[in-house]
Structure formats: structure tokens, C-alpha cells
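Participant: Could you put together the complete structure from these sequences and hints?
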Amino acid sequence: MPEMPEVETICRSLETYLTGRRIDRVEVLLPRQIKWPSAEEFAARVEGEKILNVKRRAKYILLELTGGSTLIVHLRMTGRLVYHADAPTTAKHDRLIFRLDNGAALVYADTRTLGAIYCLRLGEESRVKGLQTLGPEPLSAEFTPEFLKNICAAKHRKIKPALLDQSFIAGLGNIYADEALFLAGIHPLRTTDSLTAREIEELHRAVNEVIAAGIKDGGTTFRDYQNAEGQKGSHQDHLFVYQKDGEPCQKCGQTIERMVIGGRSAHFCPGCQRGETL
DNA sequence: CACCAGACCTGTCCGC
DNA sequence: TGCGGACAGGTCTGGT
Numbered sequence: 112m113p114e115m116p117e118v119e120t121i122c123r124s125l126e127t128y129l130t131g132r133r134i135d136r137v138e139v140l141l142p143r144q145i146k147w148p149s150a151e152e153f154a155a156r157v158e159g160e161k162i163l164n165v166k167r168r169a170k171y172i173l174l175e176l177t178g179g180s181t182l183i184v185h186l187r188m189t190g191r192l193v194y195h196a197d198a199p200t201t202a203k204h205d206r207l208i209f210r211l212d213n214g215a216a217l218v219y220a221d222t223r224t225l226g227a228i229y230c231l232r233l234g235e236e237s238r239v240k241g242l243q244t245l246g247p248e249p250l251s252a253e254f255t256p257e258f259l260k261n262i263c264a265a266k267h268r269k270i271k272p273a274l275l276d277q278s279f280i281a282g283l284g285n286i287y288a289d290e291a292l293f294l295a296g297i298h299p300l301r302t303t304d305s306l307t308a309r310e311i312e313e314l315h316r317a318v319n320e321v322i323a324a325g326i327k328d329g330g331t332t333f334r335d336y337q338n339a340e341g342q343k344g345s346h347q348d349h350l351f352v353y354q355k356d357g358e359p360c361q362k363c364g365q366t367i368e369r370m371v372i373g374g375r376s377a378h379f380c381p382g383c384q385r386g387e388t389l
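Sequential numbering from 112 applies to the first sequence in our numbering.
Rather than coming from a laboratory, the hints here were simulated on the basis of the structure. Because the structure is a prediction, the values reported are computed rather than measured. Each residue gets a CB set at the ideal place from its N, CA and C atoms; glycine is no exception. Do not take every clue at face value.
[Unchecked claim] Simulated crosslink set (EDC-like; lysine to aspartate or glutamate; CA at most 20 Å straight-line):
#1 Lys327 to Glu340
#2 Lys355 to Glu340
#3 Lys355 to Asp335
#4 Lys362 to Glu340
#5 Lys260 to Glu313
#6 Lys146 to Glu175
#7 Lys355 to Glu310
#8 Lys260 to Asp335
#9 Lys266 to Asp304
#10 Lys166 to Glu236
#11 Lys203 to Asp335
[Stated by the list, open to error] Derived Cβ-Cβ restraints for the label pairs, each shown as a range:
#12 Arg369 to Lys203: 25 to 35 Å
#13 Arg133 to Arg309: 51 to 61 Å
#14 Lys146 to Thr222: 17 to 27 Å
#15 Asn213 to Pro359: 45 to 55 Å
#16 Thr255 to Gly357: 45 to 55 Å
Facilitator: Structure (C-alpha cells):
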């Protein structure tokens, strides 16, 4: 469910709720969601520690704790982190419950249980492989048109899977990648090293634009996504192509198409996004 | 290196 | 109503 704008939305709320709170106890309802260390050691590292701050890197949520540990959550497809001011009754998909010192609880719920939770100490960074190899994020100082130009020229691969590769650019997922390619007028099968300087500038602008809009709208909710208050986002009301196959394009009227690229569905407008043979 | 299929999981929807 | 298949905001592994 969550791409960078959804994770950012969650982190902004969590920061206000969690900063300075102490985790009194953690209830591990599904131990296999904890990837490092063991569930027992995880509880020992977390319990009794205060949350110093809440940070985000790409789609990872990072809670720095007293005692030198960092609690890391990746929501993958259906993970949710919801803050309950009052102690909640356990719901069907709840997997971890962090009881806080003010009587509130932070609940990690995950329908498909694909999410990954870690508690790292210094020197254990390699336990979260994906966090080591992230490219720059949209809206960051490092993400410049020149950077995009260079990595696109250095590779020969389809642009759609490239945008989903977190070591290429960090934070995009299937929704925002499709939307960015639409706004830039680039067909998802185009190859990175075939893009013109003009197209790369358009793509750079489009990526920043969709991510900023997603954050402004509090994320995109298709089914599972909820923010830290358990509410939906609204960016699903502002999409041009994602899951719109069969509908007329809002810009040119041609029918939006869907195809599978790199094992993921890609949605695009054949009128606005041309040049698939390049 | 680029690209696949498959794995990890549960739930929903659609066609028969 | 039931059953099977396709599919879902993600990422990793192992093969060609």
C-alpha cells in the first residue's frame, strides 16, 4: 500500500504522538513479522525505552530509541501503523501492539503479513539490506535533472521498472511511477538511455510533482492504506492513469491501457505517452 | 547487468 | 453457492 507520500504522512503524525513517549511493553502477536533480532530480544531492546524522534528514509519508518537502538518498520503492501489514544481492543489483523506510558498504544496491523520490522543496534545496519542501497529521494537536493540524466544514460533498461527500483530513485511505487510517466508523456516501455534531455527534465519535474501532490493529499487510498489516525488519503481522486484502464484519458480522450512490465501492471495513455519503439 | 519467475501472505473480485 | 484464477500501494532470491 504505502509509497513515499503515504509513509511521509504517517511519519508526520507519529512524530507528534510519539516523540518523548516511553514504550512500556510490546505484545508480539505474530513473531515472524520481526526480522531482526528474535522476538524475545526485540522486546527486550524496545521495552522501557523512550522514543527520541521519528524519521523516514524512502519507505522506511525509523524510530530512534534511548539505549541506542532504532526501531525500523517497512509496511510493504498492507502494513499500517495506527496510534490509539485509548487502549484498543485487538482487531483481526493486529500483529504488534506497543503499549505507551500515557495509556495509548501504537498498533502495527498487516493483512498480508508481508511487512518487516527490525530493531537495530549500531553495527547491525546490514540487517536491513534495502536501507543500505537507496538512491536519492524525490524533492531532495540530490535529486536533480543532472542526476537523473546521468543514471538514465548509464543504464539500458525500461523506464517503468527503473522508477520502481529503490536503488535508482527511492520512494516511488506503482501508483506514483505510472502517474509520473503520464505527466511526463513518456511510455513505460521506453528505455532509460533513449530519453532525450527534454524528456528527462519533464520526468524530473513530474516525479517531484506527483510526490508533492501525494503528500499534500495525505496519500492515496485504494483499499488498505490508512494514516496514523486510521483515516484514508485523498490522492486517489486526482489520478490520471493508475487503475483507470478502459476509461477515457482526461487529457486526450483515448482509452487508458494496462500492460504487465517487469511483473507489475503499468497503466498509461497511448495518446499522451508515445515512443514505445525507441 | 537486465530480466524473469517465484516466493512471501491474505483477501477480494469476477467468471463459470 | 462454490471454486479457481487473477490481482493487489513491495521487495528479495535465484535462475537465464
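Participant: Hints broken by the structure, by number, lowest first?
Facilitator: Violated hints: 2, 4, 7, 8, 16; rest satisfied.
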